[in-house]
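Novice: Keeping their order, the protein sequence lines are chains A and B.
When the letters of the first sequence are read in order and numbered with my numbering, they come out as residues 1 to 161.
When the letters of the second sequence are read in order and numbered with my numbering, they come out as residues 1 to 563.
Source of the hints: derived by calculation from the structure; they are not laboratory data.
Every residue, glycine too, gets a C-beta built ideally from N, C-alpha and C.
Do not take every clue at face value.
Once the Cα atoms are required to be at most 27 Å apart in a straight line, the calculated DSS-like pairs of lysine-lysine come out as [to be verified]:
1. B:Lys383 - B:Lys249
2. B:Lys229 - B:Lys432
3. A:Lys6 - B:Lys492
4. A:Lys124 - B:Lys492
5. A:Lys63 - B:Lys432
6. B:Lys433 - A:Lys124
7. B:Lys433 - B:Lys492
8. A:Lys62 - B:Lys432
9. B:Lys226 - B:Lys492
10. B:Lys292 - B:Lys249
11. A:Lys121 - B:Lys229
12. B:Lys432 - B:Lys241
13. B:Lys433 - A:Lys6
14. B:Lys492 - B:Lys289
15. A:Lys6 - A:Lys63
16. B:Lys432 - B:Lys492
17. B:Lys226 - B:Lys432
18. B:Lys249 - A:Lys62
19. A:Lys62 - A:Lys6
20. A:Lys6 - B:Lys432
21. B:Lys289 - B:Lys249
22. A:Lys63 - B:Lys433
23. B:Lys229 - B:Lys433
24. A:Lys62 - B:Lys241
25. B:Lys383 - B:Lys229
26. B:Lys492 - A:Lys63
27. B:Lys226 - A:Lys121
Chain B side only, calculated, beta carbon under 10 Å to chain A, not exhaustive [claimed, not checked]:
28. Ile186
29. Gly195
30. Ala398
31. Leu426
32. Lys433
33. Ala451
34. Thr460
Covered by chain B, according to a simulated footprint, are these stretches of chain A (three or more residues, beta-carbon under 8 Å) [what the hints assert, rightly or not]:
35. 80-92
36. 155-161
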Amino acid sequence: MKSLNKDAVIAVLLCVIAALFYWETYYIPVYEYASIGSEIWPRVILVPLLALCVAYFVQSIKKGKTEGGGISGIGDFFRTYQNPILSFVVFFIFLLTLDYLGMLIGGVLLVFTLLTVLGYKTPKALLIHAAIAIVTVGAVWSLFTFVLQVYLPEGELLRLY
Amino acid sequence: MIIDNIMAAGVAVFHLHNLVLMLIGVLFGIIAGAIPGFTVTMAVVLTLPFTFGMPPVTGLSTMLGVYVGGLSGGLISGMLMGIPGTPASVATTFDGFPAVRNGKAGLALGLGIWSSFFGGLIGACVLATLAPTIASIGLEFQPWALFSLIIFALTITASLAGDNMIKGLIAGNFGLLFAAMGSEEINGVDRLYFGIDSLSGGFAYLPVLIGLFAFSQLLSDVEDPKVAKAPLMEKTATAVKIEHWNAVKAIATRWVNVIRSSAIGVFIGVLPAAGSSISNILAYDQAKKASKHPERFGTGEIDGIIAPEAANNATAGGALTTMMALGIPGSPLCAIMLGALLIHNVVPSPLFITEQPVLAYSIFTAFFVAHFMMIGMQALALKAFIRITRIPMYTMAAVILVYCAIGTFALNNNSFDMWTLFWFGLLGYLMKKFDFPLAPVILGVVLGDIAELNLNRAWTISSDVTLFVTQPWSLFFLLLAAFSIGFPWYQKHRSTQTWTLTFVPAMLVALSVPMFMMGTHVRTGIGVVMVALALWMLWRAHQNGWTPSRASAAEHKVHIEPA
Chain A
1 MKSLNKDAVI
11 AVLLCVIAAL
21 FYWETYYIPV
31 YEYASIGSEI
41 WPRVILVPLL
51 ALCVAYFVQS
61 IKKGKTEGGG
71 ISGIGDFFRT
81 YQNPILSFVV
91 FFIFLLTLDY
101 LGMLIGGVLL
111 VFTLLTVLGY
121 KTPKALLIHA
131 AIAIVTVGAV
141 WSLFTFVLQV
151 YLPEGELLRL
161 Y
Chain B
1 MIIDNIMAAG
11 VAVFHLHNLV
21 LMLIGVLFGI
31 IAGAIPGFTV
41 TMAVVLTLPF
51 TFGMPPVTGL
61 STMLGVYVGG
71 LSGGLISGML
81 MGIPGTPASV
91 ATTFDGFPAV
101 RNGKAGLALG
111 LGIWSSFFGG
121 LIGACVLATL
131 APTIASIGLE
141 FQPWALFSLI
151 IFALTITASL
161 AGDNMIKGLI
171 AGNFGLLFAA
181 MGSEEINGVD
191 RLYFGIDSLS
201 GGFAYLPVLI
211 GLFAFSQLLS
221 DVEDPKVAKA
231 PLMEKTATAV
241 KIEHWNAVKA
251 IATRWVNVIR
261 SSAIGVFIGV
271 LPAAGSSISN
281 ILAYDQAKKA
291 SKHPERFGTG
301 EIDGIIAPEA
311 ANNATAGGAL
321 TTMMALGIPG
331 SPLCAIMLGA
341 LLIHNVVPSP
351 LFITEQPVLA
361 YSIFTAFFVA
371 HFMMIGMQAL
381 ALKAFIRITR
391 IPMYTMAAVI
401 LVYCAIGTFA
411 LNNNSFDMWT
421 LFWFGLLGYL
431 MKKFDFPLAP
441 VILGVVLGDI
451 AELNLNRAWT
461 ISSDVTLFVT
471 QPWSLFFLLL
481 AAFSIGFPWY
491 QKHRSTQTWT
501 LTFVPAMLVA
511 LSVPMFMMGT
521 HVRTGIGVVM
531 VALALWMLWR
541 AHQNGWTPSR
551 ASAAEHKVHI
561 EPA
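Could you build the full structure based on these sequences and the hints that come with them?
Specialist: What follows is the structure in structure tokens.
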């Protein structure tokens, strides 16, 4: 059996997701008074979506196996997508720690870490990164807090408000 | 009454505070538009959080300043470096860059700027005159027609994804699905939240938009470590003196090109989903066909600079017309503008201009004024642009990413929105990697609730589904949707297969049916004209022996990209 191409795998994945959503529509409460039940609209979307996913699968099977994309193995994958992966990880950690660090400290650390991960790592560059992080985040935080009166998350570490 | 509204709008827009913010917006927009990889959409998204605390007129004027500036800014890098700052300026590079290399940088920039200005003014005039008319037609739309209009908006968006139409339709359906998640408005039921409480409220759509467009774009920009560390532009631009007077004189002698290109821009803008990334190329193509010297195109021809720049700014007027008159955003950029209106408790619909005339006319006025500001700010923006191009991409990306997070939080003072930003940023990035267009998801998310509401209203009035095809406007939009699904095949085979010669005539005949059903003299007349045009096209094809036009299909290929 021929191995599936990239599109076929995505099509199968999308079919599964659409099927899960369809299954979930059975858990939507039904009220007698409603002229149209709340589950109808999601099903109106999901039926053609499932059909489209199947069509996408058939189309991708017909297309056959695609030429190699030039990525071989996990190591190569990580090297190719190193920057986006690290950016997502850093941002994820920023969100996880937001309640503790707050937007000011968390934001400064986020910018500094991203700059260091994505850019140069010399002592001079680190100093510049720190300065950029403090100035840019500090400026926007001040603008929101003092001018726009939007109180950004302060965090447990530093109580400001 | 109209004069009173214009006067009241003028007072609001010409307030000093408002003008200063608009100037800043225009400057920011031009610089953002000039930087490749930094789209106009991203610039507008980043401006949005700063406008929350402002009165509606001020907030929207500032954002319109960014919008207009951004559309014009793309020409700077396109001409000076040969790299279009935005997809809206792709065709500008075809003749703008050669003109600069021929030593006519000042004139080329002047032509681009003034063509943008005149195109924008024509777009603004159309916006001010056409939007109330379309809105009055929009009042005729029953729920069936509004639902069908949304179907059309989604199918045409997907069809403009070219060979990826199935992916476009899948993306559009997922957009609708995301909008359906969480608290449902009609019956007050929480749905599709998989037992996760934080999902029970659904997704706020602006974090979704920011994630899909800005977050994913930033990650794409830094994907290559070498490119990320390099300055935004390797080549260094030098400041040039813009030759305003010579440019205006050159444009004045080519006013037909300006009008034609602007008309193309407005028409493309009015269509849902099609934007300035398409109009600039179509206008360039038409200018080349109409020119007495098509062979000069690509070598620094003046008409080749005028056409795309007039068209891309005029497109904004057309797109705003649809959004304000019908509440249907014509592009992802307009979806964000729609979000800005909603934040200020303004809901665009056919009733918007009637119910909020001062705000509506303020938008018209601000759009008009922003073009004058754009002219004034170009020299300053050029200097700033030259400095900014020395900054490495990774620095910009890191700073903008945290601005996105702060801005997203500020939308509703809600940390969950930042998680939405994160997950949709990831989704947007993956979609780009797997060649799924983003625009249909955006429109699906924005239009999902409206579609459901109108479907519900239609069903409440009558459970007769044939009303979708017996109501003239509903039939009109469904026919357009059906033909838009066939559009990619038509486009692909138009220069090779005979059946393509009947596509447009068939569409005209089909669309004439709802026109006749409407019954009024004017619309019956339009129906007759459509049938006559279809017959003439068929007769011409017959005269040519049913031989498809050999005009290069590649020249007409359009592919939707974030504006």
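Novice: Please go over all the hints and tell whether each is borne out by the structure.
Specialist: Going down the list of hints, with the structure as the test:
1. B:Lys383 - B:Lys249: Answer holds: Lys383 of chain B to Lys249 of chain B is near 25 Å, not above 27 Å.
2. B:Lys229 - B:Lys432: Since the Cα atoms of Lys229 of chain B and Lys432 of chain B sit roughly 22 Å apart, the hinted pair holds (cutoff 27 Å).
3. A:Lys6 - B:Lys492: holds (24 Å)
4. A:Lys124 - B:Lys492: The hint is violated at about 55 Å.
5. A:Lys63 - B:Lys432: The given pair, whose Cα atoms are some 20 Å apart, holds under the 27 Å limit.
6. B:Lys433 - A:Lys124: violated (35 Å)
7. B:Lys433 - B:Lys492: holds (24 Å)
8. A:Lys62 - B:Lys432: Roughly 22 Å separates the two Cα atoms, so the pair holds.
9. B:Lys226 - B:Lys492: violated (37 Å)
10. B:Lys292 - B:Lys249: holds (19 Å)
11. A:Lys121 - B:Lys229: The given pair, whose Cα atoms are some 11 Å apart, holds under the 27 Å limit.
12. B:Lys432 - B:Lys241: violated (39 Å)
13. B:Lys433 - A:Lys6: Roughly 11 Å separates the two Cα atoms, so the pair holds.
14. B:Lys492 - B:Lys289: It holds: about 21 Å lies between the C-alpha atoms, which stays within 27 Å.
15. A:Lys6 - A:Lys63: holds (11 Å)
16. B:Lys432 - B:Lys492: holds (23 Å)
17. B:Lys226 - B:Lys432: Answer holds: Lys226 of chain B to Lys432 of chain B is near 20 Å, not above 27 Å.
18. B:Lys249 - A:Lys62: violated (57 Å)
19. A:Lys62 - A:Lys6: holds (13 Å)
20. A:Lys6 - B:Lys432: Within the cut-off at roughly 14 Å; holds.
21. B:Lys289 - B:Lys249: Cα-Cα ~23 Å, so holds.
22. A:Lys63 - B:Lys433: Measuring from Cα to Cα gives roughly 18 Å; hence the hint holds.
23. B:Lys229 - B:Lys433: OK: Lys229 of chain B and Lys433 of chain B at ~22 Å, within 27 Å.
24. A:Lys62 - B:Lys241: violated (57 Å)
25. B:Lys383 - B:Lys229: Judged against 27 Å, a Cα distance of about 23 Å means the pair holds.
26. B:Lys492 - A:Lys63: holds (18 Å)
27. B:Lys226 - A:Lys121: It holds: about 14 Å lies between the C-alpha atoms, which stays within 27 Å.
28. Ile186: Check passed: Cβ of Ile186 of chain B comes within 7 Å of chain A, closer than 10 Å.
29. Gly195: Holds, because the Cβ-Cβ distance from Gly195 of chain B to chain A comes to roughly 8 Å (cut-off 10 Å).
30. Ala398: Given a least distance of 4 Å, the restraint on Ala398 of chain B holds.
31. Leu426: This hint holds: Leu426 of chain B lies near chain A, its Cβ roughly 6 Å from the closest one there, short of 10 Å.
32. Lys433: At about 9 Å, which falls below the 10 Å cut-off, the nearest Cβ of chain A leaves the hint on Lys433 of chain B intact, so it holds.
33. Ala451: holds (8 Å)
34. Thr460: With a minimum Cβ separation of about 5 Å from chain A (threshold 10 Å), the hint on Thr460 of chain B holds.
35. 80-92: Since 8 is at least three, the answer is holds.
36. 155-161: violated (count 0)
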